[in-house]
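I would like the entire structure built from these sequences, with the hints used as guidance.
Residue numbers for the sequence shown follow the numbering used here, so the first one is 376 and each next one is one higher.
Check the hints yourself; a few may be wrong.
[To be verified] Computed beta-carbon distance windows for the label pairs:
#	residue 1	residue 2	range
1	I499	L742	17 to 25 angstroms
2	F694	T473	21 to 29 angstroms
3	L1053	R435	43 to 51 angstroms
[Unchecked claim] No more than 27 angstroms apart at the CA atoms, straight line, and that leaves these computed lysine-lysine pairs for DSS-like:
#	residue 1	residue 2
4	K982	K1075
5	K459	K470
6	K470	K776
7	K854	K906
8	K459	K776
9	K470	K775
10	K1064	K823
11	K1094	K982
12	K459	K775
13	K854	K1088
14	K504	K906
15	K775	K823
16	K982	K1088
17	K1075	K1094
18	K906	K982
19	K1064	K1075
20	K1075	K1088
Just so you know, the hints here were simulated from the structure itself, not pulled from any lab data. Where is the CB? At the ideal position from N, CA and C, for every residue including glycine.
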Amino acid sequence: MSLVVFQNHKNYSNACLILNITTANGLWKAENPQIESIYLLLAQLAFVIFLTRLLYFILRPLHQPRIVTDILGGLLLGPSFFGKRKSISHLFPLKSVTTLETIAYMALDFYVFLLGLEMDVSSIQHASKIEFHIAVAGALVPMGVGSGLYFLSQSLLHLPPEPSGCLFWGLTLTVTGFPEVARILEELRLRHSEGGRMALSTAMISDICSWILIAIVLPTRLSPQNGAFAVTTTIAFILICVYVVRPFLVWIIRRTSKSNEDNNVYSDYYLCFVLIGAMLCSFVTEVSGTYSIIGAFVFGIIMPDRELGAALIERFEDFVSGIMLPLFFAICGIRINLHSVDDWFLGGTIVFLASLPKILSTLLVSLFYHMPFQDSFALGILLNTKGILALVILNFGWDKKILQDPEYAVIAVTMVVMTAVVSVIIKIIYYSSACSNEYEGRDIQHTKQGAELRILACLHSVENAPSIINLLSFSNATKQSPIFVYALHLVELTGCASAMLIVHNTSKNGGTVQSRIENTLSDQIIGAFEKFENQNTAVSVRPLTSVSPRLTMHEDVCFLAEDKRIAFMILPFHALHCNPNSNCSLCEINLNILANAPCSVGILMDKGLREPAMLDRTGLMHVVILFIGGPDDREALAFARRMLGHPLVQLTVLRLLPGRKESNRGPCFYVNQRQNQLDAEYVNEFRLKTAGENVTYTEKMSNNGEETIEVLKEMEDEKVDLYIVGKDVTASPVTAGLLEWCDCPEIGAMGDLLVFSDFVRGSVLIVEQYVGAEGDAGALSSTAWNGELD
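As structure tokens, this is what we get:
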């Protein structure tokens, strides 16, 4: 081993450096491979990743976020547990700390940059007043209480107080980890509930406020003589990024991007230059006197091309957060020395008290706005979730030698406990009340007469709005039987990793939408439904925009339907996407929704459905309900019954019966007989209650699918505007042979026949009844927060 001695001529101090510390001589040439940094780094990295992944696998049934298991892994490696063993101490010698910290903080910068890419700060403008107030209270109250608890802990633990220490405790209790809140809600299937949406929005506001506090408060407090310079240069850096760097990036991407031609595959040069930009921004903010993570986060926030951001996240997220970042958590865990706290009874008391400020502040504000206590408490628990930013604040205090071992251990344990109990408490609160919150009215047939009908209208584009609005216009909304419509614009997620649900506000007296520039698809859809709401006093509309990945879009729709207690969901059907040579993504979404929907579903194929204002004074809209039999046909007849109350609707019920009796008495015979009995009872009840109204009841015989087609051809001579048919029908000769020609399973055999037949010129509504609508004992339960918790 070769050494070099450097001598300082002024004070004659010596320093020795090992020249071959990074030379990989291998097992056979090196005297001791553990003295080589490469060997140590690879072994440490492999061991840390294995340990943290093992803990994550063990604690996964408890829905624990990765940050908890990663910190616990570092804690096991520290002096509190296995760090005193020779094998672990040899694997993590003191001389390797510099290398570990350097790589860990570099991984932290890249992770924060990816975090900035995930966040869509523009969604904050849609936040409500209560969300802003909760975020502000959740910042001020924990900051003050945390500062007081710091001095209390110093007194109880018999430690000399450091004035700046209270700042780190206060900021740690103030922080809410937005990514961790989003992932917990995703794990518990609560993201699109009303409380989940509020928690996400409030957590994002709180997270942004925490970044501002770190950029302004910490530099001015820790270095008063240079604080003003650091804050000024940081603000100038942010303004330059927003008003100079971002427009420059937009110009560069517009002139050089070929993503559309290459199927959204960006060149490696793009990814390389973006990473260089993140490193340069980190360097600038570090030099300016704040912290490198500020520059990386700001550069991620201002990235203009969300598709490029998605490509960066997809390419680097697993490497950064899954491989490199665990080293940062390992360092944090190794610094936690539980044995440094002499009295853990007092320490536990401090941990308990430190967990209360965020919960209490959220409770007070929420109850002031008349939120239910259960939801307010759950929201406070969720906002108590801590993320990586809280760890960064603690490590700043450690590096500045402001926080000592006992203080660091107590507040770090507080942070882990706060985050670890969130999923468990939320699951206990809402799963325990799931069975008692089961609601009725998941379909139209069993909705109580005079009750409000809740409809979820899903739209992929502006072209879907007119047909759905026209269908709703003929649904006969009255003061005795009003309709509440949730108009959901489905947008495929292209940039941020955390999906969003944006709630828009409308007003019957004005138009909040008219006051905005309608330059987006969502604004145009909102404007159309707002006009529909203003024209119908018995209709209430709540526009929403859901931004989520295509593969999980059906989950968002179904969760929202269950949360809002929807009875009937309307989906658009696009025949173009059923071509085998074209994109079938929308068909896949519809199929997934049908398989998981918590309510009845209608798929609308528009062929020019007219609105009431376009009908002549003497003209009527001719609606034909094809009734063969089964739950879906009964649900279709229930929807047609509601339309019959509209003065401009002329309804024809065409019941197709088999021409000869079935001789098959196999396994399906009893089911068919039961369905036939239910069909007969419901049709007789329908005819009795609609006697004297504008409805025609007709029965025709059919022995097979060919004869059914002939019957439909005769019906089309009467100029039908809308056909309503059930998706699945009971086994009957009426549909014999039609299933073989069905290309789209989402609309069934009869729906496929009506949609793709040249002789059918009217629009088609295919209805599927909710599977639990028959009153089965195993019907799914629902609550405002509870999803599929198990």
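A quick look at each hint next to the structure:
1. Restraint check, I499 to L742: a C-beta distance of roughly 24 angstroms satisfies the suggested window 17 to 25 angstroms.
2. The given range of 21 to 29 angstroms is respected by F694 and T473, whose C-beta atoms sit roughly 22 angstroms from each other.
3. At roughly 44 angstroms, the beta-carbon separation of L1053 and R435 lies within the given 43 to 51 angstroms, and the hint holds.
4. Between K982 and K1075 the alpha-carbon distance is near 26 angstroms, which keeps this suggested pair within the 27 angstroms criterion.
5. A C-alpha spacing of about 16 angstroms is found between K459 and K470, which places the hinted pair at or below 27 angstroms, so the restraint holds.
6. Proposed proximity of K470 and K776 is supported: the alpha carbons are some 20 angstroms apart, at most 27 angstroms.
7. In summary, the hint linking K854 to K906 is supported, as the alpha carbons are separated by about 19 angstroms, within the 27 angstroms threshold.
8. Between the alpha carbons of K459 and K776 the distance comes to roughly 23 angstroms, so the proposed pair stays at or under 27 angstroms and holds.
9. For the suggested pair K470 and K775, the alpha carbons sit about 20 angstroms apart, so the restraint of at most 27 angstroms is met.
10. A threshold of 27 angstroms between alpha carbons decides the hint, and for K1064 with K823 the separation of about 15 angstroms falls inside it, so the pair holds.
11. Under the criterion of a C-alpha separation no larger than 27 angstroms, the hint pairing K1094 with K982 is consistent with the structure, at around 13 angstroms.
12. Taken as a hint, the K459 and K775 pair is honoured in the structure, with Cα atoms around 25 angstroms apart against an allowance of 27 angstroms.
13. Between the alpha carbons of K854 and K1088 the distance comes to roughly 39 angstroms, so the proposed pair goes past 27 angstroms and is violated.
14. For a cut-off of 27 angstroms, the pair hint linking K504 to K906 stands: about 25 angstroms separates their Cα positions.
15. Taken as a hint, the K775 and K823 pair is broken in the structure, with Cα atoms around 66 angstroms apart against an allowance of 27 angstroms.
16. Proximity of K982 to K1088 is assessed by CA-CA distance (about 17 angstroms); at most 27 angstroms being required, the pair is judged to hold.
17. The suggested pairing of K1075 with K1094 holds, with an alpha-carbon distance near 19 angstroms, which does not exceed 27 angstroms.
18. Restraint check: the Cα-Cα separation between K906 and K982 comes to about 22 angstroms, which is no more than 27 angstroms; the hinted pair holds.
19. With a CA separation close to 22 angstroms, the supplied pair K1064 and K1075 stays within the 27 angstroms bound.
20. For the hint pairing K1075 with K1088, the CA-to-CA distance comes to about 13 angstroms; that is within 27 angstroms, so the pair holds.
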